[in-house]
Every structure is written in C-alpha cells, then in structure tokens.
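Colleague: Protein chains in written order, with my numbering: chain E, 1 to 286; chain A, 1001 to 1428; chain C, 2001 to 2283.
Calculated directly from the structure, the hints in this document are not laboratory data. All C-beta atoms, glycine included, are put in the ideal place defined by N, C-alpha and C. Just to be clear, a hint being listed does not mean it is correct.
Here are the computed lysine to any residue pairs in the SDA-like style, where the Cα-Cα straight-line distance is at most 20 Å [claimed, not checked]:
1) K1419(A) / L1359(A)
2) K1401(A) / F2056(C)
3) K1072(A) / A46(E)
Where chain E lies over chain A, by a calculated footprint (3+ residues, C-beta under 8 Å) [what the hints assert, rightly or not]:
4) 1061-1070
5) 1244-1257
Take a look, some chain A residues computed to stay more than 10 Å from chain E by CB distance [said to hold, decoys possible]:
6) G1052
7) A1077
8) G1282
9) D1333
10) R1388
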Amino acid sequence: MTATSSKAPLPDTSRTYTLPSARRFLLWTGMAALLAWVLVPIYFVALGAFGGRTGVFRWPKSIWPSDLSFAPMMQFLNIEGVFNALMNSFIAAGLTVVFSILLGAPAGYALARYSFRGQNAYRLLVLLTRAFPLAILALPLTVSFIRIGLYDTPFGVSLIHTVLALPFAALVTQSLFMGIPREYEEAAWVFGCTRLQAFVRIVLPLALPGLAATAIFAFVISWNEVFAASILTVRERTLTAYLLKILAESPLHYRFAGGFILIIPSVLFIFAVRRYLFAVWGIASK
Amino acid sequence: MTHPVSRRAIAMAAAAFLGSFAAAQAQETVFYSTQLRPIEEASKVRDVLLKGIPGKVTYIVDEPPAFAVRMKAETQAGKRTVDVVGALHGELQPHVPADLQPIDDLVAKVADRGIPANLMDLGKLGTGQQQYIPWMQATYVMVASKQALQYLPAGADVNTLTYEQLLQWAKNVADKTGQRRLGFPAGPTGLMSRFFQGYFYPSFTGGVVTTFKSADAEAGWNTMKELWAVSNPNSTNYNFMQEPLMAGEVWIAWDHIARVKEALTTQPDQFVAFPAPAGPKGRGYMPVIAGLAIPKDAPNRTGAVAVIEHMTKPETQLLTAAEVGFFPVVKADLPPNLPPGVKLLAGAVAATQGAKDALVSLLPVGLGAKGGEFNKVYTDAFQRIVLRNEPVKGVLESQAKTLEALMKDTNAPCWAPDKPSQGACPVQ
Amino acid sequence: MTARTSWIPYALIAPSVLFLGALFIVPLVQTIWLSFSAGEGLSLVNYQRMAGDLNFGLAIRNTFLLTVVVVPLQVVLALAMATMVSKLEKGRDLVLWVLTIPLGVSDLAAGLAWLSLLQNTGYLNSALYALGLIPGPVGWLSQETPWALFFGIVLAEIWRATAIVLVILIAGLQLIPKEFSEAAEIFGASPWTRFRRITLPLLKPSLQSALILRTVLAFEVFAVVYALGGRNFPVLAGEAYTWQNENQNYGVAAAYAVLIMAISLAATAVYLRALRTRPEQLP
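Bound-form chain E, shown alone (with noise of 0.2 Å):
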C-alpha cells in the first residue's frame, strides 16, 4: 500500500503522521461511513432473528432492540441434523481449500512464469468454468456422481466446489507470482539452488499470505454454494444447503435466524485469518 500511502502532502518521510487534522477528520468520517455500509446490514438481520415472531411485522421499525427472544435462534440451534450438516460444511470446504490451492497455484505459477503453447487454451478453460453458469451442469452430474458412488458424500460436494473454486486459485495465485519478480527466483539459480529449491525459500515465503487470501475464497466459496450442494447430496447437506431447505418455507424471523446463523461463520473464519490479512499488509508497510 506504499503507493497510496505516500499520498500525503508533504515531501516528508513521516508521512502518516503528518495528515492535518480536517483531513484526518475527513479519513475517519470516510472510513466510519464504509464502516456503517457493511455492518448496518448485518446488525438488521440480527435484529430481525432475534426480534421473534412479531418483531419482523412491525412497523415502523425501530432501529434499537425491542423485546429481544432467543426462543427462534435456539430453536434453530436445536433442529436435528444441524450438527451433521455443520460437520459436512468443513470437511467439503476443507477439502475444497486442499484441492483447489493443490491445483491451482502450480497452474498459476506455470501461467506466470513460463510461456508455453496451449497457454491460452489453458487459461480459457480455467476461464469457461467461471463462466457456465453451475447449476445447468447438476443434472450430468449427479447421474455420473450416483454412478461412481460419490453421491451424497462431503467430498463429492467438495470436487464440485473445487471447479468453482479453482479459478480463483489459479488466477490469484497467477497474479501474485506475476507480481514476485523474477529477478529474485534467478538471483536465486545464479547461486545455486535447483529451482525447487528457489521456489521454496524466495517465492514461497512472498507468496504465503496471498495463498492464505486464496485459501479463504475457496473456503468461502465451499461454504456458501448452495445449488450444487443440494442437489447433489440428499441426506449428507452442507449447513448452507441443509439451511436453505428449511428456510425457504419458514416464517421469516425463523429466516432471519438461519441467515444470522449463516453469516457468523463466516464473520468469524474472515476474523481467524485476518492475521494473514494483515501480514499482507505488512509487507507493503515493511
């Protein structure tokens, strides 16, 4: 973030610190108005799941707690399956974020540095996934899938989500090799080490949090399909699938707790991982 860090007024190397204080104010005004548009939304959703069954009816709506119940929430918590379902999610998104970093980023890299015949046939193949919509392909699917025993399985899930998932991990890790130069791989060679070798100790060291980065989109991609995960599980859901089934016809502040429900994890992964986050960050600011 050096770039844009450095747009500060003054020619001086100090530079943060130095921001007169309308500017600060202005920065911070901007940043608490970004800071509103992404978790107001949220904090309605939370109160429309523990605002019980008349609370999403009123009107008009008062913006504060009223007459809080946890009765819908724990209801929720309690319907059978929801542990199964929850067990499911991490062992498909699991294995999604193993797969897709497994075969994406050598494909990335091979995009990155190496130019080769078929690179762009290889480059629109990884493309085509993204750009078929998933759904139509369900049907051909779950026929093979019954076929060779991987229907109604966390890990037949997990292949799926490995298609989507696996363009993002090709092009990001693409991307982020692109940006390591390649001067630091050859300096590398000059002295010595095999190019595996030069792989391990210069590029994957820079590398590591933008794989981090890659793994949460695979993870989140995992966790939140809903489409494929349905139809090609019946009793083994996925939470998000398995959510989806009892939502689409409960009353809506039941709706409201199974998508709460749904966004803590999330909220929570995005929290576990927001050292990574930050580490790419620190190596901007180094």
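Starting from the known structure of chain E, fit chains A and C onto it as the hints suggest.
Modeller: Showing chains A and C alone in chain E's frame:
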C-alpha cells in the same frame, strides 16, 4: 437424543459408500417427499404419522426441483435409493413412465379405505395403469383480515362472494385506507398459475384450455386488470401469502391452504377464511392431490407398500389433518378437536366444496413433463396483459398458439371443466 | 529458458487439466449437446424458444445494465477503500476485517439482509417515515418501481461483492515496491500523478484478474436479484434456472447457459486485450 435420524443417515451413507446395499435394504424404507417439508411438519411425520409401521422408515424431504432432478438422475444412473415417494399430482406427472412403476396391485390393497373413484382415477395420470395412490388433499381458499370486513360492499357475504364484489371490496379498502391490500401469490414460486387454471378461467369461461381465447376470457382478463389495479404491487414478490397477511401488508388474499396456514394458526382471531369468488360461469375451484408412488427398481418394495397402506388408513388420515392441516382423501369425519387455525381452513374448504355454484377444475392430466410449460402459457398471458399492458386479444391469440402446440405435442385430452375430447384438447 | 524447461509448465498444469476435464468438460459437453438437440437430431429449436420468450430481451438488457453499473462502481469503491485504509494510523487490522466480512456472506444471507432494509415495512421505510418523508410503507421492490428495484439490487450487489475486489487489489498493491513511489515523490510528482502513473499501471495484473472475475460473476448474478425482486427483474441466469426448474425444459435452460458462457467469454477476451500486461511493465 433427537438425532436418531441423522445417525441413521450417517450409517446409511457409510453402508452405501461401502457398497453393502443389501444390509441397509433389509431394515429401512426410504420415504422421499416434496410435501410436509417445513421442519415442524417433517418432525410430525417422523414422530407421529409414521409410527406403527414395522421396520424403520426414513423420511427425507426435498424441494420439487431437486426432487425432479434426483428422480431422473437415479433412473439414468440405474441406481435407485428411494423406495416410496410422496409428491403432488403435478410433480409426479413428469416421471411417468420413465421413473415410476405401475402399482395396480396396490389398488386392491387400499380398496377398503373408501378413496373416491375419481381420485383414484387421477392416480392413473392419464395412463391405463395406477401410478400413484392418493395420499392427502388440499385446495385453495381466500383469507381476509378482520379489519377488511367493514369494507365489504353492501349485501356481500364472504362465503358467496363474486369477482365483482371482490373488486368492489378491494376498491373500498384501497380508497378508505390509501393502500392496495388485495394480494396474489404471483412471485417466482407462488402458485398464481393455479389461480388462472383452477379459479379464474373456470369461473369466467367455464373451461381452461378450449375457452382460452374466447370472448368470455377477454372479459375476464379485463376484470383481472381492474383487480390488479387494487392489488398490492408487491404481489409479484409474494410466494406465500401468510407473510404479507401477518405483516398487514395484505388484507385479502388467495392462496393454497398450506401457504396461509401459518397466519391462521398463529392468529386465528385475526383472520377469516372463505371460498374463492364466483364468476359468470360458476365458482371454479381446484382440489390439490398429493399421491404416494413407488419409483422403478425401488430397493425395498415391501417397505414401500407398507408405508402406502399405513398412510391411507382412515386413522392416519385424520391424524394428518389434525397435525399438519392436509385433508383426508378417504371418507372420514374430521375430529372436533382441531386447532382453531386448521378449523378455519376446514370450514372454508367445506364451504367451497358445498357451494351451490361450485365448479370443479381438475389438475392438468396427460401433460407429462410439459406441465411447467403449460403453467407458463397462463403466467405469460398474465405478464403481458396485466403487467405490460399489451392488448388482450393479441396476447391471447399468440399464447393460444403456444398452448395448441403444447396440447398437440402431448396429445393430452381435455379434462374438467373442459368437455372431454377425442385426441388432443383443442383451443377454440 | 522456454526450450530448456518446456516440460515444466505442462507438468504444473496437468493435474488441474485432468481434474477439470473429468468434472467440468464432460458435463459441459453433455449440456451443450442437450442445448442443440430436440427430439432426435440436431436443431436450433431450443435457441428459437429462448429468443422468442417474453423475458429474453429484458433479461439480456437487465444483465448487461447491472454488469455495466455494478462492476466499475465496485472497482472504484475497492480502490477508495484500499487508499483510505492505507492512511489509517491505527486500527487497520480491525477495519480491514470489517471491510472483508461481506466476502464470507452467502448470496442467500446478503439477499435477506437487504430485504430487511428495503421491504415495505423495512428499515429504510421506517427511517423515511420517522423523518416525515413518506406517509406509510412504500414499495420499492415491485414491478411498478423498476428503477428503485434496480437501484436496490445494485446496492446489494455492491455490498456483497466489493470485498473480493478489495482483497485482490490489496494482494496486488502490497507487491508494488514502495521505492517507485518514493522516487516519484522526491521528483515532486503529485499524489494523483503518482497514483495514475505508478500505482495504476503496476496494478494492472490484479485489476485484470479482479475485473474478469467480477464481470464473469456479474453475468451469472441471480440469487440476490431473486431474493429482492423475484421475477420482476429478469436476468439471464435466473431465466436459465426458471426454465430448468419450473418449466422443466432442460434444453432451453441449456441454451441459456451456453449463451451466458458465450457472453462471459466475449467480455473476458475484451479485458485480456484491453489490459494486456507486457513483461517489461512488471516490477
């Protein structure tokens, strides 16, 4: 512990994964349903309605689209995991003959249940053999908030309402309260197409297919435009009318009984339920039938037969009405101790069936997988005429062409209230 | 280098090619085949039905409109967010976390969140009512208010999917050596010039990735639109879904899917040309 099903499900999946199907088959019947999906109703099926069947029955539910995909996919893969399916008449139709097996042997077994012959005939789905056994029935009713009753036009009675009176009533409400408060479930998963096929067309034209572009139909669509002018513009977002009713956004609504039930059971003192209005040709109404069928190559046919026999017993049928609000297909008197909301619904259903001018409109028969496109003919006509304000005559002419092609394609004969036809039902 | 190591890139991409071949290309070919078949033999019947449908024109218009409005706004907003965060003296960590939360929120939940704001008895109307601007609940998401509906969908999409652009841009920005900018600063370049001449060109690969991903995803937009507007605002992916699930005509659904793919590929080709990255431009 409340997790027996999920644990069993894990065991089943593990067993399936290892390829040891036989062990699982011997113990378990998989009952796969598109009905009674909401969590509370599904647990009632598991804990109450399925009690008393020998052997384990696993009740799993899915939305209709997922149901259709799964049924097709299992057939194509040649590997069936489901033993018995429960779904609406229209949802089972696309799966004949590819995915369902004829169950003529069951007709004799349930003969003593007293299922009316016309219902049993519906179960043939237009073929020569029994495809499903009727399971439960429902229909559509009107529900109004008690606040709306004061605006009823003079001399109107909700139980013998006409479309003219409904229009006047909704106009009064809109004029007096400043809000358009008539509501239709015209959202993406709403059942608006059934309104046109089972209520609007029969009431105004006395037919559904043959009268599609008649002069009566034109007059009807003009009334529909007027109705729309006093309907809540959010109607095209509504899938279930219970929510806008409870929110007070809508005061007068038409919908399937299962989709207004929540409003009536939570606030039975706030609402009234009554039959749909009558038009010049009578009071069109459409009974909805859910049926039980056995997929081709079901691994546990014996278990499936046991489930069907159990679910059609009169005592199970009464229990179904009391617990989940779907009505019996057998002749049985409803118990007096129904919950107040269900009682309101039962009253409206009885008033509909008993109305002097009642005009039964059956579910489409013989359309096979084209049922969805049949619905589209009516909803597209609605979109173009009412929402996009295209000239009525032109729209009906062009939609009639699609309808005619569809009928020729499927060779579906006419069904009530259209007069029986030789060959494909003609559009006159 | 290329000659000596020519097998390496193939070895690197081989696993993903095999994977995508089995799990994507095979069903894709089956679907394309489906879109061109009707009864027996090949025909364009499915495409004719698609093009003749009453929602076809609208769906094309709406999808493009949404993409053209949403994607640029997201890129600008993400750049602004990145810039502002970089100036924070403390709390970056926390701010960054909050700004990336929508990244983890599913379409389903995002649609629900905005529905709670924009529905008739929602918070927006409650606020307007409290300010005395409206007399009672007003509908924003109906057929009769297409522009308000469009605006609502744009807001929800920006809320939901800006975070992904932000993260890609940050991942790119952090790799730009800060010496470049410092050098320019010493030579007296203004902040805007430095941004335009140094940051932006160096950010091209990331911008390219972000734009391609967002655009391709924008052509598939569906869940949020469906949650807020139902069928009041037809989009291509929604039509495909409807033909598959409600009308149960898999052929026409497949035709829509093929059309979406064609449009996405065309858009991608445009980006790849317009934002070509030459090796000498890399840091």
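Colleague: State for each hint whether it applies.
Modeller: Do the hints match the structure? See the list:
1. Between K1419(A) and L1359(A) the CA atoms are separated by roughly 13 Å; this keeps the pair inside 20 Å, and the hint holds.
2. Proximity of K1401(A) to F2056(C) is assessed by CA-CA distance (about 19 Å); at most 20 Å being required, the pair is judged to hold.
3. Simply put, K1072(A) and A46(E) have alpha-carbon atoms about 40 Å apart, too far for the 20 Å limit, and the pair is violated.
4. Coverage of the segment 1061-1070 of chain A by chain E holds in this model, with 6 residues showing a Cβ closer than 8 Å to a Cβ of that chain against a need of three.
5. Figure legend: the segment 1244-1257 of chain A, annotated as covered by chain E; annotation consistent (3 residues with Cβ-Cβ distances under 8 Å, at least 3 required).
6. Interface exclusion of G1052(A) from chain E stands, the closest Cβ pair being 21 Å apart, more than 10 Å.
7. Remark: the non-interface label on A1077(A) conflicts with the geometry, its nearest Cβ contact in chain E lying 4 Å away (cut-off 10 Å).
8. The beta carbon of G1282(A) is kept farther than 10 Å from every beta carbon of chain E, the shortest such distance being approximately 32 Å.
9. Separation of D1333(A) from chain E is adequate, the least Cβ-Cβ distance of about 30 Å exceeding the 10 Å criterion.
10. Its beta-carbon lying about 27 Å from the closest one in chain E, R1388(A) satisfies the requirement of being farther than 10 Å from that chain.
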